[in-house]
Each structure stands twice: as C-alpha cells, then as structure tokens.
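Please construct the entire structure, taking both the sequences and the accompanying hints into account.
Listed here are the chains, written in short residue letters.
There are 2 protein chains.
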Amino acid sequence: MRALVMGADGVRLLERDEPRAPPGEAVLEVRRAGICATDLEIARGYMGFSGVLGHEVLGTVIEGPSDWLGARVVSEINCSCHRCPSCAAGAPTHCPTRTVLGILGRDGALAERVAVPVANLHRVPPEVSDDAAVFVEPLAAAMHAFDEVTPRPGDRVLVIGDGKLGLLIGLVLARRGDLKEARVLGRHPAKLAILSRAGLSVSLASEVLSSGYDVVVEATGQPAGLARGLELIRPRGTLILKSTYAGGSALDLAPIVIHEIRVLGSRCGAFPPAVEALARGWVDPRPLISDRFELRDAERAFVRAGEPGVLKVLLAR
Amino acid sequence: MRALVMGADGVRLLERDEPRAPPGEAVLEVRRAGICATDLEIARGYMGFSGVLGHEVLGTVIEGPSDWLGARVVSEINCSCHRCPSCAAGAPTHCPTRTVLGILGRDGALAERVAVPVANLHRVPPEVSDDAAVFVEPLAAAMHAFDEVTPRPGDRVLVIGDGKLGLLIGLVLARRGDLKEARVLGRHPAKLAILSRAGLSVSLASEVLSSGYDVVVEATGQPAGLARGLELIRPRGTLILKSTYAGGSALDLAPIVIHEIRVLGSRCGAFPPAVEALARGWVDPRPLISDRFELRDAERAFVRAGEPGVLKVLLAR
Chain A
1 MRALVMGADG VRLLERDEPR APPGEAVLEV RRAGICATDL EIARGYMGFS GVLGHEVLGT
61 VIEGPSDWLG ARVVSEINCS CHRCPSCAAG APTHCPTRTV LGILGRDGAL AERVAVPVAN
121 LHRVPPEVSD DAAVFVEPLA AAMHAFDEVT PRPGDRVLVI GDGKLGLLIG LVLARRGDLK
181 EARVLGRHPA KLAILSRAGL SVSLASEVLS SGYDVVVEAT GQPAGLARGL ELIRPRGTLI
241 LKSTYAGGSA LDLAPIVIHE IRVLGSRCGA FPPAVEALAR GWVDPRPLIS DRFELRDAER
301 AFVRAGEPGV LKVLLAR
Chain B
1 MRALVMGADG VRLLERDEPR APPGEAVLEV RRAGICATDL EIARGYMGFS GVLGHEVLGT
61 VIEGPSDWLG ARVVSEINCS CHRCPSCAAG APTHCPTRTV LGILGRDGAL AERVAVPVAN
121 LHRVPPEVSD DAAVFVEPLA AAMHAFDEVT PRPGDRVLVI GDGKLGLLIG LVLARRGDLK
181 EARVLGRHPA KLAILSRAGL SVSLASEVLS SGYDVVVEAT GQPAGLARGL ELIRPRGTLI
241 LKSTYAGGSA LDLAPIVIHE IRVLGSRCGA FPPAVEALAR GWVDPRPLIS DRFELRDAER
301 AFVRAGEPGV LKVLLAR
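In the order they appear, the protein sequences are chains A and B.
So the first sequence is numbered by my numbering: it starts at 1 and just counts up by one.
So the second sequence is numbered by my numbering: it starts at 1 and just counts up by one.
Keep in mind that the hints were calculated from the coordinates and are not lab data.
Owing to the predicted nature of the structure, the values given are computational and were not obtained by experimental measurement.
The beta carbon of each residue, even a glycine, is placed where N, CA and C say it ideally should be.
Taking beta-carbon pairs under 8 Å as the criterion, some of the chain B residues facing chain A (in silico):
(1) A91
(2) R236
(3) L241
(4) K242
(5) A254
(6) H259
(7) R262
(8) V263
In structure tokens form, the structure reads like this:
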C-alpha cells in the first residue's frame, strides 16, 4: 500500500507492506486522516520518529474481531499495556511501554490502511460527518485542557495562540455561557474570525489586554506565548501548557513563584467526550479545514500543511 | 538608630531615623534577625529594593496598642491592605498594593528597631527560644510548600537543594512517618548530615536516583535543579517551585506537557502553623545556625552569610 513515511531522506510517499493485525488489533481502511502540527515537528526531527506518519484518523474496520468489522471508527493514539501501574492508575496515556500512532514506535495513519489495538477504537455515530470525525483526536486534546482545572462560573479565561489547537480550545470555551470573559489571543485575523463567529472574544497579539485572567491556556508553542501568559494571569491563577517548546528557550520563571501560579502540562484527552461533543453539535470543527488531498498527493498535502496561515489539511478518500 | 541598608553604594551599616508607628502599626525592638538568601539577592539588585534589609525578625513590642506592649513577637512580612479582592479572597500575600518588609517599599529588620502592622504580629509562646523563633518566617515558607498539594501516605517525595530553605523543607518532611521515601538531594555533606540526623534520606547530586517521585520540591534556585526535577518526577507528578531563577535561563519545558506535570509556584506561608511546629518541637531549626553577630558587625555578618557552605547567620542582641 502507499503511505507517507518519515525516513532518513525526509517525508516521502512510499510503497509499504500491508499492516497486519495481531491478536487484539484491528486493521482500518482509512477514510480521513489529518495532518497535525506534531507531524510537522516530527518531520524536523521531533521524537526521532521514523515510519508512517499520522495520528488523526477516521476509518472502517476491515480486519479484526467480528463485532467490529465494518464499523466506522476513530482510534486513540496511545497504545498502552493496560497492566502496568500507570495503566492501573487510570493513566494509560502515560504507560511507560506505550507506542503512539505515528509518533513513537508504531506506524501511523497517513496511509491506505493502519493497524491499531481494538481497545483504542471508538464507534462514530452516524450524525457525525467524516470531516468532523477526523477531529476527534485533536478535539479530545483540546477538551482535556480543562480536565484537571475547569474554569469556574464568572472566571476570565484566555487562550493564547490561534493555531489549530488554540482554535479548538476556543470552540470548546464558546459553549461556556457562564464565563465573565472567554478570549483567544492570536496573530491571524482570518483564523480569529472563526472564533468570533462562534461567539468568542478575540484579540490580536498587539492589543493591550487587562491582566488578571483566572485561567490562561498557552497554545502557541513559543516561549513568548508563555511569557505573555505569565504577564496576564492573576496571582494563584492556573496556566495550562498545551504545546511543547524547543529546548533551550530563555524564560524568566520567577513570576511562577512570586505569584504562586499553578502550571499544568496537558497532552492527550479521552475520546468519548469529544465524540459526544461532535454528535450533539456542541463543537463544529469543520471551519478549520483549509484543504484536502488524496493520498497520492500526500507529499503536496504535507507541504501545504506547513504553509503560513493554513489550518487543517486532510487526506480524504 | 543603626541599620543595615541597601543603597546606591551597596549594603552598609548606617545611622537612620527611628521608625515611627502610625495608627495600626507597632514598633519592635529587634531581638533576633536572620539573613536570608533573598537578602543576598537583593544586594545584587533583585527587586530593585533600597532601604533597610531584613525580613526574618523576632522582637519585643515597644510602641503600639497597649495590649501588645512588651509582647515577644514575630511579624509576617507582607503588609497588605486587607480590603482589595486579593485580600478578601484570603490571599493577602498577593495584595497588589502590599509592601514587603525589607523587600518591597518598606524598611526591614536588620536594625535596632522596626515598624510593622499590628495585623502582622504573632505572639511567640515561652517554650520557643529566641534562636528558634527567628526561623518562623522561613519555616512558614517551607511548610507552605505543601499547602496546595500535600504528599499522600506512601508517596515518594524528593527535595532538591540543601540550602536553608531546602533543609527546612526536609525537616518538615522528617515528621512524616507515612511516606515511602523522603529524600533531600544536595551538594554539601555537612548540610545533608543535619537531615540524616533528623531521619531523612539524603543523596549527593552526583548519585543516580531511581525516578518516579510523586512530589518534587525545587529549592536550589538553579535551572539545573528544575531540569533534574523534571527527570526524576513521575508522569502527572507535582513539582513545587520554591525558589526563583534569574531571567533568561535555558530550559526545556516540553517534559511538563508530555508527562502532564503539575508545577506549583510557592512563596510565603502562614505563621501560626510554623509557630506551633516550633512550640511542639516538631521542627528544630537551630542546627541551621552557622554564625551570629551583633548589629554593629552587620556588614561582616552579611559577607559571612554569602560565603559558600554557610547556612543561617543571625544578628542577635
């Protein structure tokens, strides 16, 4: 089959062996796959990954347990042992022996077909379109931002960053009618307009904002974003870190101590709440789709995904 | 009166006007005052403070409300308005208009006498010696490390740093008989020996430690300390930042996101629990006293406090 592969000579569309499903796994025929900022980072060497890229996938089960055959499914990306202390403690996304679809030790979904553990599958109800369903993984990550600390009624909440993740977090917040302020700070008027239409307050990074936010979500992946967050948060506020930074960033962390800020790192989220949010229409991620390609044009799709101002690029059958 | 003053020409013992007590304040005759790492930082320009140094103080009330006259007291260092939203929310240490004794906009206690708000005073019971009582402020800060997240029975807890603050945090932990491991990581065998005698596990920084700590307290003030903490903490563990860093430190914060670490900044603590810990003998900080001087030798005391390996230097009457 054809697959978009990260290898020694970069990201290439190559012919690969068909995936096989050992006991406990299933093979999906890929219907939609999304290209994520993490994929672009991997292409630059992040995680040292080599193999088939892609971890945002909607597919049809074509091999596996009979009760799953033919099902339209999304797949969680952390493939965990379900036996170790982390898994037993309800944190399979931190299983120390996990593989991660298209990121760590396991081929991903920017391909014709992909093998995944049956335990990772979630059926997608018919009211969720293919285009929406492929957002389940990033939407789950966005919703997970507020799993440990959920903004309280009357809070002022600020999201910094108008990339795909920042926008999804904004769309999640747009459902909260009980906040004093829900604002996304970004650099791209066209992206912020998606949020304005959803009812959020938006600001360009150059604007002067009044500080004292109860909750700030950092979703820029830039040290400057974190520094801005530390300026705008109230003492004892919660700063949620959703994106990673290149090593060696120069940062003044003294404000964290002086103002007793709570900094929470946040990565992957649970799929069922994200599937439900899409099924009920609470979040519509489809305005984030910038472009779509067939798999045979995957190399071009990957380049397109890295262009400035581009949001989600899908590979669609 | 004489006072140790931070000014344009550095830290000098100078003649100053007597402090006055406006309504709501009291004047203390200083019995003991401690020199803290923060004072040494201020001498290097931290906080841009100029005035009388010193925020660790035990004194006798010689001017103020009649029911306080003659009382042997310690004084909290944050002088707050007690009316603003921060104060009303129970966070007077974050009052935006606060002054801070010897740190921000208010003369400190490395002097013959000092003025403080009556609301900041706490009586010291007779069973607490002068030498122990002068540790109330740093002990309160040490105990506050665990106010937001208290280690659970069976947890593994690591303190990084064997300076004064790290040692006090270690002594607080030494009372916890219900932890799987309570360890302090440091660089000075003589300092770590104080903790060994109190029953704690200790390690030199060069030792290989088994990772997976549930709670890590960073008390070195060095970016390398935070980096080591991020290596040694378990996924979803709690990392408590107790000391500030110079701006521009190069740090890789990606592990905070990948392992979903909770980072808690922690500064000043409440005095009553610290007074009680001393009164009951739960913590004995006196082994941390390296040296003592009279006020007339305060400049020499200040130099001594900055020498390598020196712990607490007191000014004592």
